[in-house]
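Peer 1: Mind docking these for me? Both chains are given alone in their own frames, and the hints should help you get the complex.
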Amino acid sequence: QKEVEQNSGPLSVPEGAIASLNCTYSDRGSQSFFWYRQYSGKSPELIMFIYSNGDKEDGRFTAQLNKASQYVSLLIRDSQPSDSATYLCAVNKGYSTLTFGKGTMLLVSP
Amino acid sequence: DAEITQSPRHKITETGRQVTLACHQTWNHNNMFWYRQDLGHGLRLIHYSYGVHDTNKGEVSDGYSVSRSNTEDLPLTLESAASSQTSVYFCASSEREGATYEQYFGPGTRLTVT
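Order-wise, the sequence lines are chains A and V.
Residue 48 in the numbering used here is what sits at position 48 of the first sequence, and the numbering runs on without skipping anything.
Residue 1110 in the numbering used here is what sits at position 110 of the second sequence, and the numbering runs on without skipping anything.
Extracted from the complex, chain V is given alone in its bound form (with noise of 0.2 Å):
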């Protein structure tokens, strides 16, 4: 069955080091995309990819980055973590045509800066 998997699932690092939180999709969808979910913000946009090579910036993109090298994959770089990067971070994926665009979520990654 198709899925979109992430890893790792709990991340722990300290202030300063860079992560890459990965996101993988055998949907074969073109629309790749990172939210992050804190209490009292709900769902925010970071970063989403149309497809190969093409990346954009969403509501809360400042401190990470995205590549897209292939359909599959679109892995999310916090380039020096900040504590107020601690959250629960979502990839999801849909696909490219269609004017429902209705969006599949991985299982997320709990990811703590101390």
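Okay, chain A solo, but in the shape it has when bound (with noise of 0.2 Å):
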């Protein structure tokens, strides 16, 4: 089983919807969790992070994290064409370096 698991989509959504990324992981001891964006030919980009179950809310962006079931989740709410990128979720297991997904291509259409 691999680390951190997304899936490559590509996910596509009208503008104006809901966008949810979804990232299982499979170290228990995990402790701190990230959503990065990744534009085409960019760097990646933090976007937030979360380490308590429940949902943390910055702006238009959720984050949900439920370590019983080893699953955070990112939700983009009123999507616009500019959030079209990969999202890339992280995981760090108690030490400073983090294991990253592969990423989701997300396309939000007008």
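Check each hint, because a few of them may be wrong.
Result set (DSBU-like, lysine-lysine): computed pairs, CA atoms no more than 30 Å apart in a straight line [claimed, not checked]:
| hint | chain 1 | residue 1 | chain 2 | residue 2 |
| --- | --- | --- | --- | --- |
| 1 | A | Lys102 | V | Lys1011 |
| 2 | V | Lys1057 | A | Lys67 |
| 3 | A | Lys42 | V | Lys1011 |
| 4 | V | Lys1057 | A | Lys42 |
| 5 | A | Lys102 | V | Lys1057 |
| 6 | A | Lys102 | A | Lys42 |
| 7 | A | Lys42 | A | Lys56 |
| 8 | V | Lys1057 | A | Lys93 |
| 9 | V | Lys1057 | A | Lys2 |
Quick caveat, the hints were computed from the structure, so don't treat them as lab data.
Peer 2: Next comes the structure, spelled out in structure tokens:
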């Protein structure tokens, strides 16, 4: 089983819809979880992180963590074409290194 | 503003040559990382450092080396470049302390080995 798994997509949503991006991880000792956005040809940009079970909201973005199910998700409300990018899930196991998933491509159509 | 920079942004080299990619950060972060990103593999950790004179191997360290002589810089050296090392290389940094360890990335270096 891969350490961090994401559906590669593309996930296609219409403008204004909610985009739901999912990530599962294999190590129950994982402590903090990150979502990065990466535009084509650019570097990953941190959107938000979460380390407690439940929801964490930041503007149009909500991260959800369920440690019992080893599942973390990112919801993007009112999706915009500018949200079209690859979204990387990353997991920290208590040290400073992160393990990344391969990313999910999101396409938001006008 | 604090930032993290990489140079060169693009590099073409020949098989067998030694290549050094530079990474410089002004965040005053103790932790620095090098990744490579390839289609189908995502981001993979090459080497990392927790501070001056500290270096550690990551998932794909063969053929690469790093040294940390100050807080700001972590150069990545390809001892003898191979075509398999054609990739996009990202440097990142993070604070030493804290439970979250969020990393901030540089703009990347696209390396082509011919």
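Peer 1: If a hint holds in the structure, say so; if it does not, say that too.
Peer 2: Do the hints match the structure? See the list:
For the hint linking A/Lys102 to V/Lys1011, the alpha-carbon distance of about 25 Å falls within 30 Å, and the restraint holds. The hinted pair formed by V/Lys1057 and A/Lys67 meets the criterion: a straight-line CA distance of about 29 Å does not exceed 30 Å. Taken as a hint, the A/Lys42 and V/Lys1011 pair is honoured in the structure, with Cα atoms around 16 Å apart against an allowance of 30 Å. Among the hinted pairs, V/Lys1057 with A/Lys42 is consistent with the structure: their alpha-carbon atoms are about 25 Å apart, no more than 30 Å.
For the hint pairing A/Lys102 with V/Lys1057, the CA-to-CA distance comes to about 21 Å; that is within 30 Å, so the pair holds. Taken as a hint, the A/Lys102 and A/Lys42 pair is honoured in the structure, with Cα atoms around 15 Å apart against an allowance of 30 Å. With a C-alpha separation of about 26 Å, the suggested pairing of A/Lys42 with A/Lys56 holds against the 30 Å cut-off. Distance restraint check for V/Lys1057 and A/Lys93: the Cα-Cα separation of roughly 17 Å lies within the 30 Å cut-off, and the hinted pair is therefore satisfied.
For the suggested pair V/Lys1057 and A/Lys2, the alpha carbons sit about 20 Å apart, so the restraint of at most 30 Å is met.
Comparing the model with each earlier hint shows no violations; every hint is respected.
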